[in-house]
Amino acid sequence: MADEALFLLLHNEMVSGVYKSAEQGEVENGRCITKLENMGFRVGQGLIERFTKDTARFKDELDIMKFICKDFWTTVFKKQIDNLRTNHQGIYVLQDNKFRLLTQMSAGKQYLEHASKYLAFTCGLIRGGLSNLGIKSIVTAEVSSMPAFLEYNG
Amino acid sequence: MAVCVAVIAKENYPLYIRSIPTENELKFHYMVHTSLDVVDEKISAMGKALVDQRELYLGLLYPTEDYKVYPSHQSPCVESTFPNQLCRYGYVTNSKVKFVMVVDSSNTALRDNEIRSMFRKLHNSYTDVMCNPFYNPGDRIHSRAFDSMVTSMMIQVC
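Chains as they are written, first to last, in this note's numbering: chain A, 977 to 1130; chain B, 66 to 223.
Among the hints, erroneous ones may be present.
Claimed, not checked - In silico DSSO-like pairs for lysine-lysine, Cα to Cα no more than 30 angstroms straight-line:
#  : chain 1 : residue 1 : chain 2 : residue 2
1  : B       : K186      : A       : K1046
2  : B       : K161      : A       : K1046
3  : B       : K92       : A       : K1074
4  : B       : K92       : A       : K1093
5  : B       : K75       : A       : K1042
6  : B       : K186      : A       : K1074
7  : A       : K1074     : A       : K1054
8  : A       : K1046     : A       : K1074
9  : B       : K186      : A       : K1112
10 : B       : K107      : A       : K1035
11 : B       : K186      : A       : K1035
12 : B       : K161      : A       : K1054
13 : A       : K1035     : B       : K161
14 : A       : K1074     : A       : K1112
15 : A       : K1046     : B       : K75
16 : B       : K107      : A       : K1046
17 : B       : K107      : A       : K1054
18 : A       : K1011     : B       : K161
19 : A       : K1112     : A       : K1055
20 : A       : K1112     : B       : K92
21 : B       : K75       : A       : K1085
22 : B       : K92       : A       : K1042
23 : A       : K996      : B       : K186
24 : A       : K1112     : B       : K75
25 : A       : K1029     : B       : K107
26 : A       : K1055     : A       : K1011
27 : A       : K1055     : B       : K107
28 : B       : K107      : A       : K1042
29 : A       : K1074     : A       : K1085
30 : A       : K1035     : B       : K75
31 : B       : K75       : A       : K1011
What the hints assert, rightly or not - According to the in silico footprint, chain A covers these stretches of chain B (three or more CB under 8 angstroms from chain A):
#  : stretch
32 : 73-86
33 : 187-199
Since the hints were made in silico from the structure, they are not lab data.
Even for Gly, the Cβ is constructed at its ideal location relative to N, Cα and C.
Isolated chain A (complex conformation) (with noise of 0.2 angstroms):
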């Protein structure tokens, strides 16, 4: 169970050392954010190569994010995704009710504006593994309450 605490401290420090050395002007104009994104799109694309190593091919766009939602959510957080909601149009919403990075720090509303901080790389890991699956995508993150937390893909 020690390796799900090394991850989570290590994106904790990861967010506060990418504020910490922003330089003036970066925090407002949102690259802290974009550079957590890209940061989780790169560890994305590896990680996606090594979970399909094995697996049979995808048939279908719902295939794939059905992978995501069980196997990859799996693996990266150990719990699957509980609700995925579709309009069949290209937008897949998948919801988490006890999102792991989000657990330690509050059960209610107090850090609901410091949270979008703490979402920014798991959105590049779902986009990196996307795009490296051949979906190009738009991932947006929501939180409503914590920890539970929404995802919008385009």
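Chain B: place on chain A using the hints.
Leaving out everything else, chain B in the frame of chain A:
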């Protein structure tokens, strides 16, 4: 014994291509390029065929073919035909990266399982290259570990 190994990216440009008889390299480049069409056909046919389409390994792509060897320093009009049987095998990963292998099967008839294991090794090394933080996806592969693995595949069955 593998005569030529190629790794082709999603957008169909080569990431890594290496062949053993180095004087006729262009010929192998063309061969790999034409095999790409067959690979694409197999992938798109899988949607309808539903025959073993979950496999990543594609099998023999092209019937065997003779190829001529031109002597390099003599007069170009002298050609000698070498009845080498060249088989091309294909393998596509889930990230749409294609591996094409051209194998000389004149001396040993390589069994299907051996080809599969060669592709398995290639896939594993490619995954390692991908996870290397100094490698940008989409660049040509310069990794020495990858090179040595391919060399071992090319001179393995003599």
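Comparing the hints with the structure gives:
This hinted pair checks out: K186 of chain B and K1046 of chain A have alpha carbons roughly 27 angstroms apart, not beyond 30 angstroms. Between the alpha carbons of K161 of chain B and K1046 of chain A the distance comes to roughly 21 angstroms, so the proposed pair stays at or under 30 angstroms and holds. With a C-alpha separation of about 57 angstroms, the suggested pairing of K92 of chain B with K1074 of chain A is violated against the 30 angstroms cut-off. Of the supplied pair hints, the one linking K92 of chain B and K1093 of chain A is violated, its CA atoms being roughly 52 angstroms apart against a limit of 30 angstroms.
For the given pair, K75 of chain B sits about 22 angstroms from K1042 of chain A by alpha-carbon distance, which is consistent with the 30 angstroms threshold. Straight-line distance between C-alpha atoms of K186 of chain B and K1074 of chain A comes to about 39 angstroms, which puts the hinted pair past the 30 angstroms bound. Between K1074 of chain A and K1054 of chain A the CA atoms are separated by roughly 11 angstroms; this keeps the pair inside 30 angstroms, and the hint holds. Taking the CA atoms of K1046 of chain A and K1074 of chain A, the gap is near 15 angstroms; set against the 30 angstroms cutoff, the hint holds.
Distance hint between K186 of chain B and K1112 of chain A is fulfilled; the C-alpha atoms sit about 29 angstroms from each other, no more than 30 angstroms. Our distance criterion of 30 angstroms between C-alpha atoms is met by K107 of chain B and K1035 of chain A, whose separation comes to about 14 angstroms. Our distance criterion of 30 angstroms between C-alpha atoms is met by K186 of chain B and K1035 of chain A, whose separation comes to about 25 angstroms. Our distance criterion of 30 angstroms between C-alpha atoms is met by K161 of chain B and K1054 of chain A, whose separation comes to about 27 angstroms.
Distance hint between K1035 of chain A and K161 of chain B is fulfilled; the C-alpha atoms sit about 13 angstroms from each other, no more than 30 angstroms. Distance restraint check for K1074 of chain A and K1112 of chain A: the Cα-Cα separation of roughly 27 angstroms lies within the 30 angstroms cut-off, and the hinted pair is therefore satisfied. For the proposed pair K1046 of chain A and K75 of chain B, the alpha carbon gap of about 25 angstroms is at most 30 angstroms, so the pair holds. With a CA separation close to 28 angstroms, the supplied pair K107 of chain B and K1046 of chain A stays within the 30 angstroms bound.
Between the alpha carbons of K107 of chain B and K1054 of chain A the distance comes to roughly 36 angstroms, so the proposed pair goes past 30 angstroms and is violated. Taken as a hint, the K1011 of chain A and K161 of chain B pair is honoured in the structure, with Cα atoms around 27 angstroms apart against an allowance of 30 angstroms. In summary, the hint linking K1112 of chain A to K1055 of chain A is supported, as the alpha carbons are separated by about 25 angstroms, within the 30 angstroms threshold. Restraint check for K1112 of chain A and K92 of chain B: the C-alpha separation of about 35 angstroms exceeds 30 angstroms, so the hint is violated.
Restraint check: the Cα-Cα separation between K75 of chain B and K1085 of chain A comes to about 44 angstroms, which exceeds 30 angstroms; the hinted pair is violated. A distance of roughly 43 angstroms separates the Cα atoms of K92 of chain B and K1042 of chain A; the hinted pair therefore is violated under the 30 angstroms criterion. Only pairs whose Cα atoms come within 30 angstroms are accepted, and K996 of chain A paired with K186 of chain B is rejected, the gap being roughly 43 angstroms. Straight-line distance between C-alpha atoms of K1112 of chain A and K75 of chain B comes to about 13 angstroms, which keeps the hinted pair within the 30 angstroms bound.
Using a Cα cut-off of 30 angstroms, the hinted pair K1029 of chain A and K107 of chain B holds, with the two alpha carbons roughly 20 angstroms apart. For the given pair, K1055 of chain A sits about 26 angstroms from K1011 of chain A by alpha-carbon distance, which is consistent with the 30 angstroms threshold. Simply put, K1055 of chain A and K107 of chain B have alpha-carbon atoms about 36 angstroms apart, too far for the 30 angstroms limit, and the pair is violated. At most 30 angstroms may separate the alpha-carbon atoms for a hinted pair to count; K107 of chain B and K1042 of chain A meet this at roughly 25 angstroms.
Under the criterion of a C-alpha separation no larger than 30 angstroms, the hint pairing K1074 of chain A with K1085 of chain A is consistent with the structure, at around 14 angstroms. Of the pairs offered as hints, the one joining K1035 of chain A and K75 of chain B holds, with about 17 angstroms between alpha carbons and a cut-off of 30 angstroms not exceeded. For a cut-off of 30 angstroms, the pair hint linking K75 of chain B to K1011 of chain A stands: about 25 angstroms separates their Cα positions. Check result for the stretch 73-86 of chain B against chain A: violated, 1 residues qualifying (beta carbon to beta carbon below 8 angstroms, three or more required).
Three residues within the 8 angstroms Cβ limit are the bar, and the stretch 187-199 of chain B against chain A gives 7, so the coverage statement holds.
In summary, the structure is inconsistent with hints 3, 4, 6, 17, 20, 21, 22, 23, 27, 32 from the numbered list given earlier, while agreeing with the others.
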